[in-house]
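Go ahead and model the full structure; you've got the sequences and the hints to work with.
2 protein chains.
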Amino acid sequence: MKNLTLLCLLIIASIVFKSHAQTDDEVLKTIYTSSLTEGESYNWLNYLSNQIGSRLSGSLGAERAVQYTKEELEQLGLSKVWLQPVMVPKWIRGAKEYAYIETVPGKTSTVNICALGGSVATSPLGIKAQLVEVHNFEELEALGKEQIEGKIVFYNRPMQADLINTFQAYGGCVNQRYKGAVEAAKYGAVGVVVRSMNLRLDDLPHTGSMTYDDLPVAQRIPSVAISTNDAETLSTMLKLSKDVKLYFKTSCKQLNDVQSYNVIGEITGSEFPNEYMVVGGHLDSWDLGDGSHDDGAGVVQSMEVLRLLKKAGIKPKRSIRVVLFMNEENGLRGANKYADVAKQKGENHVFALESDSGGFTPRGFRFDCDEANFNKVLSWKELFKPYLIHYFEKEGSGADVGPLKTDKNVLAGLHPDSQRYFDHHHASNDTFDAINKRELELGAATMTALVYLFDKYGIK
Amino acid sequence: MKNLTLLCLLIIASIVFKSHAQTDDEVLKTIYTSSLTEGESYNWLNYLSNQIGSRLSGSLGAERAVQYTKEELEQLGLSKVWLQPVMVPKWIRGAKEYAYIETVPGKTSTVNICALGGSVATSPLGIKAQLVEVHNFEELEALGKEQIEGKIVFYNRPMQADLINTFQAYGGCVNQRYKGAVEAAKYGAVGVVVRSMNLRLDDLPHTGSMTYDDLPVAQRIPSVAISTNDAETLSTMLKLSKDVKLYFKTSCKQLNDVQSYNVIGEITGSEFPNEYMVVGGHLDSWDLGDGSHDDGAGVVQSMEVLRLLKKAGIKPKRSIRVVLFMNEENGLRGANKYADVAKQKGENHVFALESDSGGFTPRGFRFDCDEANFNKVLSWKELFKPYLIHYFEKEGSGADVGPLKTDKNVLAGLHPDSQRYFDHHHASNDTFDAINKRELELGAATMTALVYLFDKYGIK
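In the order they appear, the protein sequences are chains G and P. Quick note: the first sequence, position 295, residue 295 per full-length UniProt numbering, numbers continuous. Quick note: the second sequence, position 253, residue 253 per full-length UniProt numbering, numbers continuous.
It should be emphasised that the hints constitute simulated quantities derived from the structure, not laboratory data. Be aware that one or more of the hints could be misleading.
Just so you know, same-sequence chains aren't split out, so a pair can sit in one copy or run between any two.
[Stated by the list, open to error] Only pairs whose alpha carbons sit at most 30 Å apart, straight line, appear in this in silico DSBU-like list of lysine-lysine:
hint: 1; residue 1: K29; residue 2: K394
hint: 2; residue 1: K381; residue 2: K90
hint: 3; residue 1: K29; residue 2: K381
hint: 4; residue 1: K315; residue 2: K460
hint: 5; residue 1: K456; residue 2: K239
hint: 6; residue 1: K405; residue 2: K90
Written as structure tokens, this is what we have:
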């Protein structure tokens with residue numbers, strides 16, 4: 001009897017000992033260890049990249065990704081998983097593009113190009129015209145109609161190499177790609193060729209979205225990208241002779257909108273179920289690679305956040321949703337739809353985090369929030385230090401969470417190391433082999449840690 | 001005349017304005033911009049990796065690297081450049097290794113192995129024996145002579161995946177490789193096969209140094225590595241049957257020592273020429289890849305430090321030396337020689353920095369120094385912040401600068417992001433394509449910035 005009592009006491013003591021509230025340090029350690037030693041993110045991304053592949057909105061790949069991620073989320077034992085319908089644009093590349101440079105009549109060399117997303121095609125015979133190189137819209141304006149009309153405008157402003165944050169360098173260049181055609185069309189250009197948004201000198205053209213604004217269909221001119229190496233070569237050729245011509249032929253087409261989906265999973269909150277916290281990435285990708293970094297990584301990291309929370313036995317106070325947004329690349333329809341529906345339903349989104357900057361080693365986050373919440377984040381800096389997470393800056397959380405912004409809530413974007421990102425961005429080498437398993441897993445754990453802390457302590 | 005006076009005044013004013021002392025912020029900005037926009041490190045490494053290739057001590061590649069780096073340093077306009085003779089061991093791999101696993105007599109499958117550096121060869125016919133798997137020397141001891149004698153010991157302790165610093169995970173495993181043979185020989189093992197020191201599951205065996213301590217030659221047993229995937233497979237096979245045998249044949253050989261060199265360049269100090277500051281990496285590499293990360297990167301970054309200082313117009317107060325050490329991998333002879341000569345000459349080495357952790361994005365430094373100097377470093381933290389350099393920790397500066405340690409001086413090691421390092425370390429994929437130009441250049445700039453600051457402010 002005495003022994004039995006002792007045994008009971010021991011059992012009770014062990015339960016009490018085991019159920020002591022973990023410190024935040026301990027919880028973070030559990031999250032990181034779990035991600036690095038028994039994570040699912042890398043396996044999921046392997047499937048998404050190597051079994052499904054590219055996932056441009058409206059494509060078969062995009063629809064297969066919707067089904068796959070929904071099925072995987074359904075296996076996590078969340079409170080609910082559903083698809084949110086959204087109409088998305090459907091642009092197709094068509095036959096592989098073809099282009100050559102003609103230095104003197106009859107002397108040609110082929111060059112690798114890709115149509116920009118949203119571009120009209122050339123005529124079936126392609127176009128051939130003299131090239132005129134510019135570096136910005138001011139140079140374009142200075143040349144004017146007289147020197148532009150009937151020509152192909154070659155935008156060749158490189159990304160600025162001395163900026164440490166490569167996203168800033170991208171921001172300083174991308175208007176050539178996005179608005180290049182509509183600006184050149186003003187002066188009668190017949191086509192546009194853009195230097196790829198890539199800091200590295202290599203041979204791969206990078207696609208990406210472009211706009212015609214409200215330009216009448218008849219005035220829309222085709223727009224393509226060439227690699228950084230080819231841009232350098234073309235520029236040298238043009239210094240030697242102004243008569244260099246480019247021929248190119250594209251077969252891309254904008255079809256009617258089609259129905260697609262955001263994929264959503266939720267762990268309903270235990271205390272404040274009507275306060276929503278979102279973590280997400282975008283399911284669609286460009287069509288040249290398999291979209292492993294942009295944004296397969298963000299998708300699987302976001303899914304992993306909910307899995308890691310459950311795995312760590314965390315029962316969130318607030319409702320945590322993973323949202324896999326459709327159509328970030330060429331429309332942002334999924335993000336807008338999610339925000340519209342949330343508004344209609346009066347859902348209070350207190351926090352939203354996205355990962356859409358590649359699957360590289362995480363360095364920290366960027367936040368759109370007020371000072372009080374930002375200071376709260378800074379108070380957690382020491383918790384993140386063992387994981388080398390040190391970067392906490394304001395502004396620039398991300399495109400997909402953007403439509404959820406209110407005066408009060410907190411938006412955040414994971415900020416991984418950015419040095420290699422634009423080597424792969426929107427190009428045929430955005431593929432699974434460029435993903436490092438540990439870097440991907442560290443990102444997922446870092447996101448989970450932030451979600452855990454914001455759920456536990458709430459926003460200001 | 002009046003105009004002339006005005007002109008003179010304007011010229012003087014412009015000189016004065018231009019020659020205002022730059023702030024440290026400005027100097028660092030100049031250094032980083034120069035490295036990222038007109039750096040030489042990537043070009044040098046391209047030559048070292050793709051024109052010369054692997055550089056094991058005593059090999060033709062090592063000697064060509066000595067000549068090449070000397071010639072390149074001579075073009076930088078340094079105060080002096082010289083070779084410091086040092087005798088180095090010469091181990092050669094010989095014919096490609098061959099191995100197979102035999103599950104039952106006659107049923108074999110080949111497996112990719114590599115001899116460990118310093119290992120003796122098998123007999124010309126190779127060896128075949130039953131395998132016994134252990135994870136550490138305690139398990140080995142517990143099995144004892146009875147179960148080890150006549151067998152091949154298979155060391156299969158994986159690197160610990162939940163450690164954020166992968167060098168720490170390496171440190172926790174590497175005794176299997178370095179001391180595995182000498183420990184197994186105690187119990188009569190006939191050979192050793194070691195799981196590669198790699199966090200990733202892949203198909204590449206990783207070499208690296210091993211020792212026999214003072215074991216008589218007749219008792220030395222051959223030692224090889226297999227890939228992480230093959231280690232997993234072998235372990236599974238052994239769970240299914242204890243009768244699994246391994247056959248392997250190696251032809252490696254330890255030859256007589258040969259003469260080689262450390263390559264040294266110096267900018268003699270303008271105020272304290274007898275105070276020396278060293279920056280260096282090691283010229284030798286293992287023979288399987290081309291040694292781009294280990295340690296071609298450190299070599300070219302160290303050379304770049306002196307070039308960037310000159311380029312920025314900095315005239316150091318102290319004598320700054322780049323030292324390209326020979327034989328870090330299998331002997332440390334170059335580092336010991338450099339320190340011995342320095343001691344003989346009574347040279348006061350106040351500071352030494354090495355880069356030998358790969359050419360990945362720099363995160364900071366590790367220091368061996370007293371508190372006063374460490375606090376001085378911490379006072380520079382804000383200067384490094386724009387470059388995302390945030391990691392300043394004590395201990396672990398590096399092997400090549402180690403012999404220079406005194407009570408007073410400061411040793412430092414560049415600490416790049418470590419997640420991918422062991423994917424390539426000592427394996428056939430430590431090649432130039434695994435180097436990102438910007439990451440390499442950021443490392444060189446970060447080293448230059450630290451050297452600049454320690455030269456300007458001195459050590460405590």
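Cross-check of the supplied hints:
1. In this assembly of identical chains, K29 and K394 lie within 30 Å of each other by CA distance both inside one copy and across copies; the values are 26 Å within and 22 Å between.
2. For the homomeric pair K381 and K90, neither the shortest alpha-carbon distance inside one copy (43 Å) nor that between copies (49 Å) is at most 30 Å.
3. In this homomeric assembly, K29 and K381 come within 30 Å of each other (Cα to Cα) both inside a single copy, at 15 Å, and across copies, at 27 Å.
4. Taking the shortest alpha-carbon separations for K315 and K460, only the intra-copy value of 21 Å comes in at or below 30 Å, while the best inter-copy value is 52 Å.
5. Taking identical chains as interchangeable, the C-alpha atoms of K456 and K239 are never at most 30 Å apart, the minima being 62 Å within one chain and 45 Å between chains.
6. For the homomeric pair K405 and K90, the shortest alpha-carbon distance inside one copy (27 Å) is at most 30 Å, but the shortest distance between copies (65 Å) is not.
The structure is inconsistent with the numbered hints 2, 5, although it conforms to all the rest.
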